[in-house]
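Here is how the chains run, residue by residue.
2 protein chains.
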Amino acid sequence: MIKEQILALLEERKFKELKELLETVHPVDIAEMLEDISKKQMILIFRLLAKEEAADVFTDMNSDMREYLINTLTDSELEEVMDEMYVDDTVDVLEEMPANVVDRLLMVTDEDTRKKINALLQYPEDSAGSIMNIDYVSLRREMTVEEAILKIRQVGINKETIYTCYVTEKKRLIGVVDVKDLLTAGEARLIEEIMDENVLCAKTLDDQEEVASSIRKYGLVAMPIIDHENCLVGIVTVDDAMYVLQDETTEDISIMAGVSPNEDSYFGTSVFRHAKNRTLWLMLLMLSATVTGEILRHYEEAMSVMPVLITFIPMLMGTSGNCGSQSSTMVIRGLAVGEIEFRDFLRVIFKEIRVALVVGLLLAAVNGIRIYLMYNQDIMLAFALGVTMIAVIVMAKCIGCTLPLLAKKIGVDPAIMAAPLISTIMDTCTILMYFTIITAFFRLGG
Amino acid sequence: MIKEQILALLEERKFKELKELLETVHPVDIAEMLEDISKKQMILIFRLLAKEEAADVFTDMNSDMREYLINTLTDSELEEVMDEMYVDDTVDVLEEMPANVVDRLLMVTDEDTRKKINALLQYPEDSAGSIMNIDYVSLRREMTVEEAILKIRQVGINKETIYTCYVTEKKRLIGVVDVKDLLTAGEARLIEEIMDENVLCAKTLDDQEEVASSIRKYGLVAMPIIDHENCLVGIVTVDDAMYVLQDETTEDISIMAGVSPNEDSYFGTSVFRHAKNRTLWLMLLMLSATVTGEILRHYEEAMSVMPVLITFIPMLMGTSGNCGSQSSTMVIRGLAVGEIEFRDFLRVIFKEIRVALVVGLLLAAVNGIRIYLMYNQDIMLAFALGVTMIAVIVMAKCIGCTLPLLAKKIGVDPAIMAAPLISTIMDTCTILMYFTIITAFFRLGG
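Chains as they are written, first to last, in the UniProt record's numbering: chain S, 1 to 446; chain V, 1 to 446.
It cannot be assumed that every hint is accurate.
Note: identical chains are not told apart, hence a pair may lie in one copy or across any two.
[Claimed, not checked] Lysine-lysine pairs mimicking DSS-like chemistry, simulated, CA-CA at most 27 Å apart: (1) Lys409 - Lys39; (2) Lys19 - Lys217; (3) Lys180 - Lys116; (4) Lys40 - Lys3; (5) Lys180 - Lys51; (6) Lys159 - Lys217; (7) Lys16 - Lys39; (8) Lys217 - Lys51; (9) Lys3 - Lys276; (10) Lys19 - Lys180; (11) Lys408 - Lys3; (12) Lys180 - Lys151; (13) Lys217 - Lys3; (14) Lys171 - Lys409; (15) Lys3 - Lys203; (16) Lys39 - Lys217; (17) Lys3 - Lys409; (18) Lys217 - Lys180; (19) Lys159 - Lys115; (20) Lys159 - Lys180; (21) Lys115 - Lys40.
Don't read these hints as lab results, they were simulated from the structure.
Note that the structure is predicted; figures quoted are calculated from it, not measured.
Please model the complete structure; the sequences and the hints are all you need to start from.
Put into structure tokens, the structure is as follows:
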């Protein structure tokens, strides 16, 4: 609705009203809307935005739109936008741009900012340093609360978050003061009296996902980041942490579906890139599945004696694959949120075996009755299939819960051990187990 | 390490040192440690905690431990803990307790709090109302910044978050003021001059996941919640939002693995509960798989003429299942993070068909060469399998991306349309397509 209003005002060239309307719309929503309209309209609207809002909208855009804007805006327009952006956001923008665009952007930033940007660009991808914000409020222990508030008043206007202030001594982090404590403590009290010395902090080279998880775990609004000399160099804020966690989850889910993750969005990824991300696993699994095919062929004779055997194959393979991926998924998620660790190995296996027995008995009973009724009341066949079903389910649950834990232990992403790989492995194991049990039961040649 | 230190001090009955040590440990970590030690030790340590810390630790515990504590502590001890807890946390605790425990807890809370608790307990599960915090700072438009800061000083000490203050008029929400704006604006300015009137807010009955997603999308520290008369009744804070998003993701991932989600942790769920959560889907899929079995049986004759046909079944079923779940997973995640919507239907299908053609051609080529080399250079067989492979992959990707979108459209959770269901459906479709193509190619009777 807002979108239609905006486009109508643009159409009628009522720029003043449009400008006023845009001031009431959240930058995130403006960025979202700009994605859906023509490039020409986008530029027109972008130029109408107030300086600060333009910077916010620019930060929230996707990289294609940003690149287009950078190529279209004049140097002075670009400079205005860059001036209003936070350094960490600028770095995020630069990391996605081709070299010539980066040069142009760096040319319009002042030297001080350029130095900061270059420092941040040094941190490895996915490190805490690469997502941290270098604007924060630092206090000294001997300040009074009144002086601290005065300092926030003076410098705070440029800081992305001032909810937590950091107390430093020779740049070393020695305490934290919540703005709530500043406001509720007496004005004459000293910072060192009210500061909390048990500071949770992370290192610049720590994995961004770990930092984000800690922010969630401890309910922080920001986590201070220190360098190898324990000097405070920046903070990671909760809003960035939420995005990191979302991206990492998307990555996990992709891997769990046998898709190599990439950072772009679904529509932002080209067809060939999508194909490339998916083919590797498919190829590998396709070739592994030929093993199952060869084993099947090995039992050709048994199947020609008892043709009914073939009808149970999809059911057994399907059930074992599903059972295995249920277990592996539970364990993968448990590992991801920190509930399960490798030391829980035996506890997990013991639990899964018990679950498998309960589930196996239930499925075997239902399936046995079905087979008894559908296949001339052949009680022997129903029983043999029941035994196979229980054996296959116990095996599936054991393998399913073991593989992610082993992967974690050897430093491989446990998410790889999800449905696609597990069900391919289970197919082979199931066929082997099925024919071993069946040939023993009915004394068929293997 | 800290854990060993704590237990050693407890062993030596050095309670004073232990008390001091505990003050330096984060409540979240204390709660985590208490889970790992004996109940007797837990009670001892819990009683040593300072009042406020005890309340925080209690909030962070799992429900089993809480119930044990409630049954062990005296009424006056319990009262002390409850007095320090935030009302929304108390409600979270109560929602998980059996009725007799709830009664006991309500008996030790004062009437004012009891009223608030009862009001919060009315909101449906998973609604914004059920997770909101009723402690927040409200200001009036005619206050000066100085008066506002004074008000925060007076009441703020009991409020869980004061980072954002809300401006109300006859209880209606008319604006928001960030504490940053209060600190950086001149003391004499009026709240109405500095407040932002474009307030993002949610209703008490809105889904908690939507509210949490908005908090992430707009980078808020809290979202105000209004009732049906537009009166401000509470706020949802970013730390609660992060937990909601994590729980909802875990729920999605469970459903995607064919496991009915439940709110307890992996180890906190009993074996029978685990079995119950997993059996429904397994049963359903097992019975559906019998259809595939019957279809296979229908083509018994074709397989007895060309026994090699059976060897390709696991590979084809595996590949189609994996292709289908790749597509469905991408779409399910896209829907969950709000990138894909139902109106993108045609765009998604068009993209998936192109991806399928690229992937299909590649896999068909590799597979064709393998068959040509392994099966007496039978070029006809290699070609027939190649055609089947491409057809099956295109079908898998189309069905895989369509089902989650349709589920969303009719109001069913798209996560259901993940690997287990998709691969069962794909098994049936694959067998049908395989034998249709093969019997046509080699003129075999169906």
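Evaluated hints:
no.	hint	verdict
1	Lys409 - Lys39	neither (50 Å within a copy, 30 Å between copies)
2	Lys19 - Lys217	between (42 Å within a copy, 23 Å between copies)
3	Lys180 - Lys116	between (30 Å within a copy, 24 Å between copies)
4	Lys40 - Lys3	within (15 Å within a copy, 62 Å between copies)
5	Lys180 - Lys51	between (31 Å within a copy, 20 Å between copies)
6	Lys159 - Lys217	both (25 Å within a copy, 20 Å between copies)
7	Lys16 - Lys39	within (21 Å within a copy, 69 Å between copies)
8	Lys217 - Lys51	between (36 Å within a copy, 21 Å between copies)
9	Lys3 - Lys276	neither (36 Å within a copy, 48 Å between copies)
10	Lys19 - Lys180	between (36 Å within a copy, 26 Å between copies)
11	Lys408 - Lys3	between (47 Å within a copy, 24 Å between copies)
12	Lys180 - Lys151	both (15 Å within a copy, 12 Å between copies)
13	Lys217 - Lys3	between (38 Å within a copy, 18 Å between copies)
14	Lys171 - Lys409	neither (37 Å within a copy, 55 Å between copies)
15	Lys3 - Lys203	between (43 Å within a copy, 23 Å between copies)
16	Lys39 - Lys217	between (42 Å within a copy, 24 Å between copies)
17	Lys3 - Lys409	between (51 Å within a copy, 23 Å between copies)
18	Lys217 - Lys180	both (20 Å within a copy, 25 Å between copies)
19	Lys159 - Lys115	within (18 Å within a copy, 41 Å between copies)
20	Lys159 - Lys180	both (17 Å within a copy, 9 Å between copies)
21	Lys115 - Lys40	neither (34 Å within a copy, 57 Å between copies)
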